[in-house]
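Participant: What follows is each chain in one-letter form.
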Amino acid sequence: MPIKTGTIALNTQGNTDVIDITREVERLVIESGIKSGTVTVFCPSSTSGLTTVEYEPGAVTDLKGIFEGLIPMKRDYAHNSTWGDGNGGSHMRASLLGPSLTIPFVEKTLTLGTWQQVVYIDFDIRPRQRELIVQMMGD
Amino acid sequence: MPIKTGTIALNTQGNTDVIDITREVERLVIESGIKSGTVTVFCPSSTSGLTTVEYEPGAVTDLKGIFEGLIPMKRDYAHNSTWGDGNGGSHMRASLLGPSLTIPFVEKTLTLGTWQQVVYIDFDIRPRQRELIVQMMGD
Amino acid sequence: MPIKTGTIALNTQGNTDVIDITREVERLVIESGIKSGTVTVFCPSSTSGLTTVEYEPGAVTDLKGIFEGLIPMKRDYAHNSTWGDGNGGSHMRASLLGPSLTIPFVEKTLTLGTWQQVVYIDFDIRPRQRELIVQMMGD
Chain A
-10 MPIKTGTIAL NTQGNTDVID ITREVERLVI ESGIKSGTVT VFCPSSTSGL
40 TTVEYEPGAV TDLKGIFEGL IPMKRDYAHN STWGDGNGGS HMRASLLGPS
90 LTIPFVEKTL TLGTWQQVVY IDFDIRPRQR ELIVQMMGD
Chain B
-10 MPIKTGTIAL NTQGNTDVID ITREVERLVI ESGIKSGTVT VFCPSSTSGL
40 TTVEYEPGAV TDLKGIFEGL IPMKRDYAHN STWGDGNGGS HMRASLLGPS
90 LTIPFVEKTL TLGTWQQVVY IDFDIRPRQR ELIVQMMGD
Chain C
-10 MPIKTGTIAL NTQGNTDVID ITREVERLVI ESGIKSGTVT VFCPSSTSGL
40 TTVEYEPGAV TDLKGIFEGL IPMKRDYAHN STWGDGNGGS HMRASLLGPS
90 LTIPFVEKTL TLGTWQQVVY IDFDIRPRQR ELIVQMMGD
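Residue numbers (our numbering), protein chains in the order written: chain A, -10 to 128; chain B, -10 to 128; chain C, -10 to 128.
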């Protein structure tokens, strides 16, 4: 069974930067030569996560607001007290959202909805260079 | 390696309708003829999501209350201001919960706990016809 | 295509006990003999979940605090009223976090970040004996 593993390199702004990676995932699926199967996108990071959203400016703004409401950055975090790195809230947002996303594809096409994009969210508190793992498996 | 892709068609009530899809997933696993592997259930939608829960009326009621508490529908959402469609909160709930669920199966049996059911939650603000993707992979 | 299914047995303290299972998952991946592929970790339980976090005492403390803030245990839950078992909040936390985690591995090595560990969180309100499902698939 074919397995192909690729990566997506990103420069993010941090601070709950919401980045549409749909085209990069689609491209890796097509390049894999695999017709049908699943693609797993994974963040090798503890301060970022993955989900899907309708990628339009309103929903992106709302997403930042939701995370700030649920897990405010300015709260006291034990992680910050210990390490002094100020990104305790980033870690919590990442753990809640989760680091992986698995999407079926059929005939080399992701089974996404019309208004549904794959997004990577970088919760860290500074710009980061990131590399995501994208693994296709199928036949 | 065998891969089989099926669908589950649903008529939902929207408004955080919590629907037990365990039997449909089990049926598709059995029909796939695959003995052991993983099944990925995916929502091709940006206003619904998947998880597991003990599917009894109390927990279903609690789940609706939890989402209303965390992400109230009546708040101001930039998505609503832009598009005037009133389902900004639905999008946020869906992004937080996530669109996919991967479950191992062994000897054609899902590895669920005794009190654990697979549920689809439709957060949209009106009844919807939905079609979920269910992909089995294994040997 | 090889598929191997293993288990991880755990004794937990419940009460949002956060347990690092990275080494056990790594060991099962190596023992599977599969070189590259995905490992799916699954909780056959409706009161526990999986994610990744930087496993250090501060972040673990923060994680407990985040869940208590988002979904307090002492609230009124319909699940508790019906069943009298007091773990309604445990069910809600588990549904929000999700029961499964899929991680790619390459050359028998999980694609985790340097500061990223796989954690199982037991939200139940008493110590539990648990068994997680770990399924490797690849070639």
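In short, the hints are calculated from the structure, not lab data. Some hints here could point you the wrong way.
Which copy is meant is left open, so a pair is good if it fits within one copy or across any two.
[To be verified] In the DSS-like style, the derived pairs of lysine-lysine whose C-alpha atoms are separated by at most 25 angstroms in a straight line are:
#1 K97 <-> K63
#2 K63 <-> K(-7)
#3 K97 <-> K(-7)
#4 K53 <-> K97
#5 K53 <-> K24
#6 K53 <-> K63
#7 K24 <-> K(-7)
#8 K(-7) <-> K53
#9 K24 <-> K63
All values reported here derive from a predicted model rather than from experimental measurement.
Participant: Of all the hints numbered above, which does this structure not satisfy? Sort the numbers upward.
Facilitator: 1, 2, 4, 5, 8 and 9
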